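Student: Here is how the chains run, residue by residue.
Protein chains: 2
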Amino acid sequence: MPDDRLARQIQFVLEIDKLKSIYRRSYLLNEQRNENSAEHSWHVAMLAMILVEHVDEPVDLTRVVKMLLIHDIVEIDADDTFIYDEAAMAGKADAERKAADRIFGLLPEDQRDELIALWHEYEARQTPEARFALAVDRLMPLMHNVSTKGKAWREHGVTSRQVIKVNSRIGDASAELWDFARSRIEEAVAKGHLAE
Amino acid sequence: MPDDRLARQIQFVLEIDKLKSIYRRSYLLNEQRNENSAEHSWHVAMLAMILVEHVDEPVDLTRVVKMLLIHDIVEIDADDTFIYDEAAMAGKADAERKAADRIFGLLPEDQRDELIALWHEYEARQTPEARFALAVDRLMPLMHNVSTKGKAWREHGVTSRQVIKVNSRIGDASAELWDFARSRIEEAVAKGHLAE
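As given, the protein sequences belong to chains Z and F, one line each in that order. Quick note on the numbering used here: the first sequence kicks off at 1 and runs consecutively. Quick note on the numbering used here: the second sequence kicks off at 1 and runs consecutively.
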């Protein structure tokens, strides 16, 4: 028999398989289906690895990657909230806190405490790591929208004013990445893929 | 206009979106569909984070996580090879090398060189990091099979002799994890979920 510690670790890892069945508003670039939050988490971790040189303040990349790998796990209980749905966004904090306690609570206590602290750090946006993690989590769906002629934006009636407001947080981590993102937003408007 | 470096980085990150459409033989735990290689990559990176204390030799977890995030990207060109398909496994090395050169070659040269080196290190199994990354990459589908009553094993006529041979590599990184895995294989045989 494995010790109780290993059994709890395995139980947690099996539980988070459910993140593969939480679907987001954004589409794969081939537009064949919506993406799920597990593959999205992989993609933003890759984006952070590749773009880390562009941050304005130095970051510990390991902590950024860990944050991004776990940042959406709460959606297993709380579901994905569309960032442009302001009413839903207002109610999500409480449900996500409960979800974090239940899901990370499957782990041995030291690991539970570490991951809950990391998740709260991400949500609080107060450290360079959390700001950069947020920036790539915003930039990825922006790139998906730009690359699919604004498919998810158009389906949900999102305007450029909303897109600029939500994505300006990218600038809290990197002026260069926000310049880049803003130029892509302007292009999308010019091409008629995003409503003004 | 972004500089050429940022443009190449973004092009690479968009290209690897295709990994979300590469499907594996293993199933989600809810058995509703096969899993894809992008969400699998996220899951094994999480498994490595959680189980790192069980390694026999110390590892640099950051390198392990990076290795696991990129280890399947070559499948975009070379497709997933079923580990129990010995004929297909024999021919995959060359196709995967070409794939690594093309896909990582989209990046700026320094990042291309870093990720190709990391991918070769993973494939060569000579460092503690590569052995641990391989161990979690073996353990995850084993747990998926054990948890779905051997669904993928039964569909493909896999025997316990094959499962023990393929998964014994777990013991190269961690005697404890291999003990655990072996006990789960024995249980699966006893329950009739895996042919002897």
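Worth flagging that the hints you see were computed from the coordinates, not collected in a lab. All figures in this text were calculated on a predicted structure; none of them were measured in a lab. Errors might be hidden in some of the hints.
Copies of one chain are not kept apart here, so a pair can be met inside one copy or by any two copies together.
[What the hints assert, rightly or not] Result set (BS3-like, lysine-lysine): computed pairs, CA atoms no more than 27 Å apart in a straight line: (1) 191 <-> 92; (2) 151 <-> 92; (3) 18 <-> 149; (4) 18 <-> 191; (5) 151 <-> 18.
Student: With reference to the structure, classify each hint as holding or not holding.
Tutor: Consistency of the hints with the structure:
1. 191 <-> 92: For residue 191 and residue 92, neither the intra-copy (34 Å) nor the inter-copy (42 Å) Cα distance is at most 27 Å.
2. 151 <-> 92: within (25 Å within a copy, 36 Å between copies)
3. 18 <-> 149: between (30 Å within a copy, 18 Å between copies)
4. 18 <-> 191: Classified as between: cross-chain Cα gap 25 Å, same-chain 38 Å, threshold 27 Å.
5. 151 <-> 18: Intra 26 Å, inter 18 Å, cutoff 27 Å: intra and inter.
Checked against the numbered hints above, the structure breaks only hint 1 and satisfies the rest.
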